[in-house]
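Asker: If you want the building blocks of each chain, they are given just below.
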Amino acid sequence: MVNYDEIGFKAGLEIHQQLDTHKLFCECPSVLRTDEPARIIKRRLHVVAGESGEIDEAAKFQAGGGKDYLYQAYDTTCLVEIDEEPPHEINKEALKVALEIALLMNCKIFPLSQIMRKTIVNGSVTSGFQRTVTIARDGFIETAEGKVGIDSIYLEEDSARPMGKNDQEVVYRLDRLGIPLVEISTRPDLKSPSHVKEAALKIGDILRSTKVRRGIGTIRQDLNVSIKGSNRVEIKGFQDPRIMEKCLELEVERQRSFTEKGKKNPAEVRNALPDGETEFLRPMPGAARMYPETDLPLLEISRDFINEVKKNLPKLKSEIEEELKNHGLSDEMVKMILKSGKLEDYKELYEVYGNPLLISKLLITFPKELARKNGKSVERVEKVISKDTLAFMLESVYREKIQEKDVKVVLEKVFSGVPVKEAVKLDKKDFADVEEKIMNLMKDKPGLSPNAYMGLIMREFKGSITGEEAMGIIRKFLK
Amino acid sequence: MEIEDNFGNLVEVEMGKEVYEGILLPSPKVGTFLLKLENGYDIGFNKKDVLKLRVLKKVTEGKKESALRPSGDKLDVAMIITGGTIAARLNPQKGGVDWLTSPDMLFRFYPEFFKNVNVKKVEVPFMKASEDMDYKDWQKIAKVTADLLNDPSINGIIITHGTDFLHYTSAALSFFLGNVNKPVVLTYSQRSVDRGSSDANLNLQASALAAISEIAEVMLVGHATTDDDFCYAMPGTKVRKLHTSRRDAFKVVNAEPYARIFSDKIQSLSHYHIRNKNKVEADTKFEEKVALVQVYPGQDPNVLDYYLNEGYKGIVLELSGLGHAPTSRARKGWTKKLAEVQKKGLIVCAAPQTIYGRLDPFVYTNGRELLETGMIYLEDMLPETAYVKLGWVLGHKEWASSKDKIKEKMLENFAGEINKRLIE
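Those sequence lines, one after another, are chains F and L. With the numbering used here applied, the first sequence covers 1 to 479. With the numbering used here applied, the second sequence covers 1 to 424.
Read the hints as simulated data drawn from the structure, not as lab findings. There may be inaccurate statements among the hints.
[Stated by the list, open to error] With a straight-line Cα cutoff of 20 Å, these simulated SDA-like cross-link-like pairs (lysine to any residue) come out:
(1) K10/F - R260/L
(2) K67/F - E112/L
(3) K42/F - F230/L
(4) K47/L - S302/F
(5) K67/F - D264/L
(6) K52/L - E14/L
(7) K42/F - R260/L
(8) K108/F - E14/L
(9) K42/F - L37/L
(10) K165/F - E14/L
(11) K108/F - F230/L
(12) K47/L - I301/F
(13) K48/L - S302/F
(14) K48/L - K67/F
(15) K42/F - E14/L
(16) K251/L - E85/F
(17) K67/F - T225/L
(18) K108/F - D227/L
(19) K339/F - I364/F
(20) K17/L - F140/F
(21) K67/F - K52/L
(22) K251/L - G286/F
(23) K264/F - G237/F
(24) K29/L - R303/F
(25) K165/F - E38/L
(26) K17/L - P111/F
Could you build the full structure based on these sequences and the hints that come with them?
Answerer: What follows is the structure, given as structure tokens:
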């Protein structure tokens, strides 16, 4: 076992998380495309000296050396992504989410900050730089091994997606370019590979309580690691965070192989491989690659805005679970609401109509049932039955225009194409009436077997009710 | 003031409990300053919040050796640098703009520009944004250009310029210089020079090739499409800025480009004059009292009185469609007023506000009614080109004395400003 304390192990995390809003400097939606691009744009980049007159080492290394960059554009990208229009004002919603994250990590907000251009000339940004702004500093998160300092929080634009390359050309897809990213860098407070893992999970938990994108590729974790007497190395490109621990152990070994001989490993950026090994990626970038984004005014974050965000800070997942359970929802239902991403809808409807059980059924159970019954996907059902429809139905229940037990029938009618305002006017053949009629029928002829009742009912209601539904009602009254 | 004196220096600033270290920089916002932190980011503070400022390290300006070496196997060209985005570079240490006014400075940003040419002479008549220029600036550029055209050691001339009013300058040089003996290339950039994606890189490379080509014309060279693929060499009188921000903002209107220029070759596309040994004389006479006015629905024709009373000699009206303004059938008709001001001596010319296409006053009754007032219809001439030409024609006393002469000169094709055969 390596004694990490003894060898002066120092590690910090750098986490990049995509936000679930439109793009940072234009109004384009943050959607990734899998279809054919609408057009291809061909560009070249050249290396230029930074504001201090020097060319950044990392920039020099990346420069394509006369390569053509081909950019795949879509109807969901605009002139801003192809560097043909100045950036629009920074996305206020993304800024709000970034502030939430900063406050949840106990950071101090910079009231005045300049949006910067970070030189990147490998073609992954059409302009030749990435727009980035530091919004907060000096926070912390709690871990089992004590507080881990948060050094800085940045809000920046994501780069274009690499799609392939050969000797002359590199192909990028523009769909990802400009998606807001929050970058969180911790202090080098992490004491061991397992501590790194714990901190990464904790940060992930905080991020997921805010409006962030979910799924593969929406979060990227980089590591900064050094030991006593070594140069700091940045490791990027973890496809699987579970490999992090192993990777750190191997990197420590690698750095030790230098220090034990009295040498120093080069300060560089390395790429994580699937087996936990790393390979050289590029030199460490310096401050020379940063210069101001003069197309935008200074970013001012007012006291009022911070206070407004503070007042409505999102709760952590554990807190939300507790709150939903207090509404009387089952553990299972709470899990499903969180997993399906319906929490916002639930909260919105709950605030207006109360009735948590019916709302959870409307959002989760009924769409699933409808989908199964009609052989359609849940997404397809939800496309037809909008949140407005659900709100209208809850309103109708509240005003006693329909009864709670009728809600499912109304939903079915809406899904079959009946406008919701029509659907809530139930006629005789509708489910509620059916139930009443069956009850009367069974009262009239007591003592028959379920199958006998079934025959009578199916003859009476010809096709407006399924056998399964009829049997459900019969069973209910025979109990 | 302590803060202003230390721009560029590494300082420590104390503000209440907080202490920050960074390079002190000016801020675009009044009452504030910026600090460049160690990570390269700039953050802002109120000047009045500073309790203490300590200088940690003074800035030293290193002298940079020039890497630029003239070479014998390249052709010599001259450059005229006039300002604009292509020659401007933000200096965040001092605030404001650094102008790139020497080949050395240009070389740092655009080394590929020097691949095919030696920049033998550089003239800097002034440094301005193009929206701040007027005819006096055109006259200065024309005189400098004429001298360089008559210098046998110069193969061609590249003029860098802001984009906003670039097409006015290109039209002015076309009229002022007449038949040129060598290429006169105007070029620009829409993306600032600091970025790796700057369009100036290709525009300058193509301009270098244009300047040593056989095309003896005043031309504007810039991106043909959004791709960094090739540029067009566009006729100086038939070009207009048609986009606020795209690389290919300039389009040839009612004509064809002279050539398509890649970073390493030229393809001819239409007729142009060939390089020759004629002497060039700049004819820069210009009447300042001319105006360019767009006609819009419901506009009061009495605006014309203003120009008349202010001593204007001529006006170009941008008319609708085939050449119309509100007629006697309109609530505020222009017919009477147009006749009246022309009778009092104001020269009124008509150009199309549609930009594309040719005027024809004979098609509709309304056109014929307006034609009767004596207006000069300028065919397919661009309104901006028409404005420059009217100033130039009226600047010549020998022509300006008679309305017939003015009309004859306005319709004489001096520099390709009229195209009798529109094919698109």
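Asker: Determine which of the earlier numbered hints do not hold for this structure and return their numbers in increasing order.
Answerer: 1, 9, 10, 11, 14, 15, 18, 21, 22, 23, 25
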